[in-house]
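Taking the hints into account, I'd like the entire structure generated from these sequences.
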Amino acid sequence: MTPADIPLKPPATPVASSESAVTTADVERVERALIDASTRLPVLMFYSSALVWLLIGTALAGFTSFKLHAPDWLSDCSFLTWGRVRPAHMNVMVFGWASMAGIGTAIWLMARLSRTTLRHPLLLVAAGAFWNLGVLLGVGGILAGDSTGYEWLEMPPYAAAVLFIAYTLVVSWAVLMFRFRRGEHIYITQWYLLGAFLWFPWMYGVAQIMLFVVPVQGVMQAAVTWWFANNLLFLWFGAIGLGTAYYMIPKVIGRPVYSYHLAAIGFWTYAFFASWTGMQRLVDGPFPAWMITASIAATILTIIPVATVGLNHHMTMRGYFGLLRYSPTLRFTVFGAIAYTVFSLFGVLISLRSVARFLHFTQASVGYSHLGLYAFFTMVMFGSMYYIVPRLVGREWRYASLIKLHFWSSAYGVGLMVLMLVVGGVTQGANMDNASMAFSESTESILPYLRGRSLSGMLLTVSHVVFAYHFGLMLLGLGRTASVPTFLNPQDEEGFEPHS
Amino acid sequence: MNEHVPGPERRVRQGMDYGETEEVGKVHAAIQREKIEPRVGLEPLSLWLIGVYGLAIFFGGAYLGRYSGNFSGDGLDPMGGAPHPVKAGAAGPGGAQAAELSPADRGKKIFSANCATCHQVSGLGVAGQYPPLAGSEYVNGGTKRLGMILLKGLQGPLTVKGAQFGSAVMQPWDKTLTDAKIGDVLTYIRQEWGNKGGPVSPEGIAALRKELASHPDSFVESDLKAVPDDANLPGGDASAPPKPGEAAKPGTPPQPSPPPKL
Amino acid sequence: MKGITALFLGIFGTFAFSWTGLLLIPNYQIGHLEPQMDEEGNDAYPAPKSGMADRGRRVYAANGCVYCHTQQARPDYLASDIERKWGERRSAPRDYLFERPVLLGKMRMGPDLSNIGKRAPVEDENAPPPASVASPAAALGSAPAGTPAPSPADTKPGAPSPAPPAGVTPPAAPPTSPAPANPSAGLGNPPGAASPSPTPAAGSSSPASIAVVAASPAATLPNAPVTPTTANTAATAASSADSLTAPSGEPIPYSAAWHHRHLYSPRSVVQDSNMPGYRFLYAKRTIGSEPAADALRLTKNDTPPEGTEIVPTYDAKCLVAYLMSLDQSHALKEVKATAPAAPPAPGKGTK
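Just so you know, the protein sequences line up as chains G, E and Y, in that order. Read in order, the letters of the first sequence are residues 38 to 537 in the working numbering. Read in order, the letters of the second sequence are residues -10 to 251 in the working numbering. Read in order, the letters of the third sequence are residues 5 to 355 in the working numbering.
What follows is a set of in silico ranges between Cβ atoms, one per label pair, in the way DEER data are often shown:
1) Glu310(Y) x Thr148(E): 56 to 66 Å
2) Ser293(Y) x Lys150(E): 38 to 48 Å
3) Cys107(E) x Ala297(Y): 21 to 31 Å
4) Tyr195(G) x Ile46(E): 37 to 47 Å
5) Glu87(Y) x Val379(G): 30 to 40 Å
6) Ala301(G) x Arg22(E): 24 to 34 Å
7) Ser293(Y) x Leu456(G): 58 to 68 Å
8) Gly452(G) x Arg271(Y): 30 to 40 Å
9) Cys107(E) x Phe116(G): 48 to 58 Å
10) Ala198(G) x Leu28(Y): 23 to 33 Å
Straight line, CA to CA, 20 Å or less: simulated EDC-like cross-link-like pairs of lysine to aspartate or glutamate:
11) Lys199(E) x Glu44(Y)
12) Lys164(E) x Glu44(Y)
13) Lys288(Y) x Asp109(G)
14) Lys337(Y) x Glu38(Y)
15) Lys53(Y) x Glu38(Y)
Output of the computed footprint for chain E on chain Y, the stretches with three or more beta carbons under 8 Å from beta carbons of chain E:
16) 36 to 47
17) 328 to 340
Quick caveat, the hints were computed from the structure, so don't treat them as lab data. Don't be surprised by glycine CBs; every beta carbon is placed ideally from N, CA and C.
Okay, structure coming up:
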């Protein structure tokens, strides 16, 4: 299927219309149907792999969390020791779940927005298989004791190489789709996706090369690591997440994004400032002060894109907040967009030197990462899956109650988790800074909060299992066949025309 | 396993979705009812947002200026540039690196690196082999003999504190250690273990080194005996080290050189 | 369509800017440091780690120690790391010259380890010049048992006491060991001291008094402020001569024996530790003709069944060798001196 195959004119043999009069809207519908059909296999493949990884990652997270306050639990087994399970959990979540879900969504969005079908989808399926293989090798390597020791880059180089091959395939396809796009307009989402697809190989390649091929000296390795980690968070996950939100919100409510200018300013300041963050995670460490200060200043400056994007989304949503009651997509996406603002502002707060004195080296930074990767990115991904999957399998989500359960257990779970980690981190940091208290008191003081965190983890486990089950039903074709989407609540008001 | 989820069964459904059997409106319901692809409005920036930009830029810039550490690679301290050596007064001849350490401190390091193997960290030596330094008359006496031993080494039997030593050889250190180091280590051993000797200046060692430049071999006990036991190096026991200009001039009348060769 | 070139250039440009600014320029500034030497090219610091310690770093990385332990001391005016005796000065880039991977760490569920080797009882070479008193300890330091290498010999019960003329001067005052000579141990001390083990020997876990015992066990045993339940576990005379075992049988904090026991059973030496045990780094085996020299001395319910013993694997030994090699006490010219808490000799603080 080539772009030329997509009928711009009324199709010779009407597919979607039984009427003789074929409107532009009908043509666009056919076009969308063709695009969705072409992306079906790879996107569903990435999604289902991502969900399997999500479940695995959740299990590993449970280990990680429980072992923190029950250190002797299952510690006699080398591959279950805390120090291996934790990076395994993180890598599964980052590369298995979040990246695969993000790629799935990004492929679909790119195809839709470029108005071009995905050609040779089987090659993308192969890319997905390679990606899974890479994560499997990497996580297996970590558990087997082959971790590189660099945070966020623990996967041994052989796994990273496999991931890179997979990624090259993905990015080639995405860029090819963009290259063959139709229509004059490049929508905001495409900026972000294009950025994400081009930044990721750069940051990943640079990190791999500067750490393993031509290793840099001493502390520069840590600088490379955190430069990579923060850029992964902001310019890979952040860009995909924001791009998705920029699509889903106006799409679902059927209204244009508030302002192009805001979007442009938001995007470019984001690319410019967010890429400079990262070194604030090394605050007061053995580095020239200016590096760290530059990152802190950049973090402060990310207020600009955050305020801009936040305002843009808010103004787009204005008057339509009632739809949050019905549309699962909108609810998850808006939750994610709000969490993005909180995440960024919290990032500004904890980066300041005066605050970092108390929060550096504490669990608060774990809370920060979860705020970004879960409350923001994962929730946006859930939202996009609620939108995209019915279009791929031709069925509607089966149970509104499961969606609601999923949303509330996720929202409360991640809220509780972040709260526990941040409050606990403040306690821990204050005690750690007070040299008249024994160090062990600082770790003791956070234990109750860590137990609370384990509790929140159970909520998240419920949420993930529910969603995976629901997704499984959809895959098996057990969704509803209906012409109306699955709303969270029955439509009891006139006037709204929610579209999921 | 996850690769297999979208297995053959889904292909079947793919066919079904586009087959003519189903009612098209129904399978494509999601697409049918879908709203148009998102567009972008053109609302202008609001003033207060520009205010937020200004504030962020102001604080970011101020922060960068305040904690820049002068953008120097050595500026670990966010408040200022590269550190200045504190306590400049303590800066000895060792220069910047050793500014923090007194000669005896430096000597201790040199001692543990070079001397402690034989003479032991305790300075007690090993009976019959390596003479003690603690309480040794050579160490506590004049500095000249010490300098000779260190620069050129010592061999053959030797009596220290009434005990005989002889089976081991002290290597010459003139090729290995600088004047400053020899001075430091001598200063150290003369203050350590209850010894009561004064400091030894590098200048004195430098002078002695010149003096002994042509001396090829290690000394033996008789060479040392030839030197009065209170003979000092220039500036050696003096309470204040000589000014650099005087370094070459002997502070005490030079003793006759030891026999050049035995 | 407009601005497609601008879009690409912008995407590349912003990122190239960040890459240059945060990685390339700093790499130019601090990425090619040389070890610091004195003016003669001696006394190089830092030095590459020895084979075992180097391998130990891999073990450290593989088992994720870095997720709970940092290896960086922050400056005293910005944090209390120095006050906690985790270091005597802030860490600097040069300290990590040969570290690969560099394990700075991001989380402190456990104490900082940047100077853990320095805190070992016998590794005293770089301690502030303690005048004559510390020389026995220092002498011990140069003895074979005290090498920073892990030295199963450290725990060898029957090993000839390294006592050089150690007994020479029975220390009247506590030697200035790296740990503060502050018997009111508790606060601000490393956790080992902060939470004394609940044995009757608790009083002796003040590092100072332990160091006395370590310095010349034979000479000071009578002075040790301990009700001598001498070596209740390995109740042999030999063990009391063991340089690294306090009379109670408890290993001295941060000695190799202590590390092994701490790794095997953390809460048996640090009561409120939150660390998991790393028993998979240790092997249980049947005692042969005589107990292995490096077998762990365990108490209570850690004690292996009769006829068996717990010995460290090679990885465990490497890990401990690595820990014992962690020491940033050497003065660096780029780091300002920090006033030491307990002023040692005339020497300045940063060592």
